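> For the protein sequence lines, the chains are C and B, in the order given. Under the working numbering, the first residue of the first sequence is numbered 92, with each subsequent residue one higher. Under the working numbering, the first residue of the second sequence is numbered 5, with each subsequent residue one higher.
Just so you know, these hints were derived from the structure itself, not from any lab. Only a predicted model underlies this, so the values are computations on that prediction, with no experimental measurement involved. From the three backbone atoms N, C-alpha and C, an ideal C-beta is built for every residue, glycine too. Accuracy of the hints is not assured; some may be wrong.
[What the hints assert, rightly or not] Short, incomplete list of chain C residues facing chain B, as computed with Cβ under 8 Å:
| no. | residue |
| --- | --- |
| 1 | L119 |
| 2 | M126 |
| 3 | L133 |
[Claimed, not checked] Listed next, with one range per pair, are the computed distances between beta-carbon atoms:
| no. | chain 1 | residue 1 | chain 2 | residue 2 | range |
| --- | --- | --- | --- | --- | --- |
| 4 | B | T111 | C | I279 | 41 to 47 Å |
| 5 | B | A152 | C | E157 | 38 to 44 Å |
| 6 | B | A152 | C | Q213 | 40 to 46 Å |
[Said to hold, decoys possible] To be clear about the criterion: a stretch of chain C counts as covered by chain B if any three or more of its residues have a C-beta under 8 Å from a C-beta of chain B, and this derived list gives those stretches:
| no. | segment |
| --- | --- |
| 7 | 246-258 |
| 8 | 270-281 |
| 9 | 346-360 |
| 10 | 405-418 |
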Amino acid sequence: MGSILTTLRLTKGRKRLDITDILSYFYLAMGVIIMFAPVVWLILSSFKSSGEIVKFPPRLLPFRQETVMVEGYEEPLPLYVITFDDGTTQTLAQVRRIGLEAQMIDPANPGEIIKVNINQRQPVEHVYFGLENYIEGIESFDFGLYLWNSVVVTVTATLLTLLFNSMAAFALSKYQFRGRQTIFIIMISTLMVPLSVVLVPVFLVITNVGWNNNLMGIIVPAAATPTGVFLLRQYMLTIPDELIAAARIDGASEWRIYAQVIIPLAKPALAVLTIFSVMWRWNDFLWPLIVLSRSEYFTLQVGLASFQGELNVQWNLILAMTVLTLLPITLVFGFLQRYITTGIATTGMK
Amino acid sequence: MSVQPGVKHKATGSTNRPFNSLYDLIINLTDMFFSLIQRIVGLRNMPYIFVLPNLLIFGIFILFPMLLNFVYAFTGGSSFTPFDRPWVGTENFDRLLACENYLDPHTCNEDLFWRSVYNTIGYVVFQVALMVLFSLITALVLNRKIKARGFFRSVYFYPVLLSPIVVSLIWKWILQENGLLNGIITSLGYDKIPFLVNADWARSLVIFISVWAFMGFYMLILLAGLQAIPADLYEASAIDGANPWQSFSKITLPLLMPTMVVVLVLSLIRAVQVFDIVFAFTGGGPGTATLYIVQYIYNYGFSSPNKLFGIAAAASLLMAGVLVVLTIIQLVFRREEN
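Chain B on its own, in the form it takes in the complex (with noise of 0.2 Å):
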């Protein structure tokens, strides 16, 4: 970065580097073209066409998308264009939620659909439990006086950054048969586990192995809600004669509230989609064990030979119910801590 003496900077930033007039080269030809649209459309239309190339993409795949899927939902037959789709009005939703007894998935007409919606809710209370737990204890051992704090955050955020599949793969590795976690197993003198073939074995690592994966994210967020609560009213707290214990529970807890709540409902809505690290972890299995509710959607939709769009979008619509009514929990929630 070498920046000439007593050559003046432009307002525009622009210096004598290659990349910059290779930059100020594309702004002049592209200029020609946006200053021609500029005088069609005149000043006062100009935002309109800055917020067109994004507003066109998020209504085609986003919007148009969204609007299509309660056709799906309310139309039926294995067609996939819209049109040729007979109107069967709530059909779909009663066949999913047709069932003798609620608690038992085998006497409903979709019993997969119930027992993903099983697996997704003890999968969801388990995981935010322990992925909120954890990642409080992290927060706050992390914001006291540690040596090579930046260190310490950086490896617990790491697998944040590693994509489900990497994720999957490493621990597949590890759990296997003949892996390094039973080869440590065995060398104490104990039998071998079949981690990937036992379902609560299976169920269990699931949650674990997405704790890992997510738990920096959260902590993070809960370190940066511990670093504003300002520290003088922690000196102020032991001058009055606080434990540690009393100023935990009276000043860090209640300040922290508001950012724990934020935490909970990020990772709630993310649970309740738990789809990729699984899918590439047990694919489901064994059995149906790890079969959760986007990964039903997935099948129905895409993998299963007589694909059933119908159902699926009636199914990710329930969802998506689901999903809305914790998000304006957390609006609400947000709205409070403002």
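Isolated chain C, as found in the complex (with noise of 0.2 Å):
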């Protein structure tokens, strides 16, 4: 403790750690508490077994019985110690349980039945990490499919985010034709029109042009974002025309110097939007939740919505699942986080 305040004490250019200092890093540390905690704890719980997960109160680490295979016994049997009421204690392995009365035997000598009361026994547990629930939770309810749905939607999409909206934002960017100012301007106005006020006919349409329950119905209407559009043209008006001019003399198609001139100059830009697109794909769940209804087209989030809200809920899958669904988008933030928070700072857009 007093190495950490003398290395806080040696602060840049300060000579001494005041009050404000104090209450500074006093605010962040309760932060921290309170926004990586509830991840922290989601990713402790989701190892724990479906009997353990329903003790109240919890416990922090995820616990595991300690089990013996004895002799006579095709399944391993658990083991608890026993105090006896002389106060002794032993270590014994639990044969079957009859109400408040539990049959115990020696693993050592197996021949012989102990009886001993149930509130005479401690389990004997050690920490366990095991990967049941994730096992479990991906085979039984379909979760692998959702994690396929949710792949081929980030994927794709980001696919065609980057190839549509940079076509656009190159035109938007470098050429003058009539109805440009008009085209930018509607494009960008509709940032301002949310989603959930357009839900009804979005509906209508999709299911015209038959895309409901299609993972179509998901992939292209995303594709065309007024952020990527607008975040790429600002980036592309930096470009100089020369070059662009250059490669014409040298006989290039349009196309060609969209592909081989603006597009490898404009890679910053299009890392930016890679990840705010997968974040965003990966994360949707309103328009999934419209567009599909058969759960075999699901993506993760309307998967583990639905999962949720079903009756008798298995907590122990549900958060293994959980984890599941935030390990990517944590994993890319993990590597890219000072992309991530620029890109956000200075577009103002999330």
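Once you've looked at the hints, go ahead and assemble the two chains, each given alone in its own frame, into the complex.
Encoded structure:
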């Protein structure tokens, strides 16, 4: 503790740690707990067995009872520490439990059955991070399929977004043509119209196009993001027009100019848009919820939502699947956080 | 990333990596197609070809539905196809707005609509106030000479990346009857709190959770605004003998005002549209305690047995009106800022 305070005191350029510094660090520490502890708790809980997860009060770490294989019994038997009336303790394996009485045996001496009151036994446990919930969740609730759907939607929608948005941004930044301003303004103004306002007619359009219960119904409409066009256009405006003129003199077609001159130079902006698009599509909920009603087309988000709405919620499986759902985005963030935070700070959009 | 020395890079930026040769192959193939198009439409019309895919998707899935919304709002019946719907004029709006006493939802024709309106107003007021307050405090703290600033910034921002479903599940798990929070409360000797059953708790928690989930986003914008304030202003004021409070109220606050307004309006617009987190967290309950406007629209358009598209569309147009006003306010302020 003392060494921490000493290091804190050696702050840049200032002589001592004053009260506002202490308050700042206190605020930040509280913030870290409030912002991050819920996620840590989720992850720890996701490893708990179905029996452990309903225990109250809950324990911090996932525990699992130790078991032992005893000759003559096919299943492994759970181990308990028994406190006898005279105060001595012994580790025994439980054969069965009848009401308030448990029948125990000594693993070293399996012949003799010892009957004890269930209040006298304490389970022998150790901390255990098992993948059972994950495996069972993926197998039994089609989460493998939802995961696949989510990956398909995210990857194809992002590729289409990059292609269509960069094409539009190229035209809007590098050409003079009639209607350019109008098209740009129409696109940008729809930034302000949230999907929630046009829910009903969007559903009609999707139905008439025949994309109800079709992943195309989420991939294609999402590809034309106004944010992406805006972001790429602003970036492409900074690319000098001389490059295009030179390529044109060399006989390059307009498509070649777009694909081999502009796109390589717009890579930083494309990277930011890629991150945004992955984030948007992976987390999309309202649109997939409207378009998809058959469970074989559910994305992870819709699948999780419908799963948690079912009766007899199996929290251990839900929590494991929740962790799987947030894992990809967390990894992306872990590797690219600098780009994400600066990207958002400079564009002011999410 | 191996770049062979001596190989001169073409202006196209292509190297000999397999990805790039694949990219070149795709370009060569697609170029045959687009060169043909360019020959047909001519160089002058190529920009239209470039905006076409984006514009088409836009028109079909965003602009056209926006126009259709008006058709739905002014027609009645239960039919989904616009042609089969009889014109009813402003009947849907009249129905939504018919109230004996606007302060009491019970006296309204569509009492659920007004309940959702009042719920939304309450939510918006508290959520936006807390959102701006906490994102400002956090941004101010992070703008100080703080160790490990990048770490703290990432931690505060992390929940922004989580999906609404994940956010609501995380908190449901913590707040459920036998959850972590009730475990802590009982271990301190108090009774369990029915967080998700009690209407007041549900309302407050929905606000808390949405602040938790989005605060990092506004904090980043405010932090960028703070870092754009020139440091020499503070140095000059320090030389003039200003105390920290004076430099905060006379330099930081006025210069941060434009960013604050952007944050305020963005969070207002988003708060009015609150849906997915609440949908997954409380489903609008208990009762109608957390029923907000978008969920009202969703319920009428999609989940109720007799779908009243006209009412849903009319309600969404009323909400769109509010959003347009908010957006115009924002644009005015942004213009002033520039």
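> Hint by hint, note whether the structure agrees.
Do the hints match the structure? See the list:
no. : hint                        : result
1   : L119                        : 5 Å, holds
2   : M126                        : 5 Å, holds
3   : L133                        : 5 Å, holds
4   : B:T111 - C:I279: 41 to 47 Å : 42 Å, holds
5   : B:A152 - C:E157: 38 to 44 Å : 40 Å, holds
6   : B:A152 - C:Q213: 40 to 46 Å : 42 Å, holds
7   : 246-258                     : holds (count 4)
8   : 270-281                     : holds (count 5)
9   : 346-360                     : holds (count 8)
10  : 405-418                     : holds (count 6)
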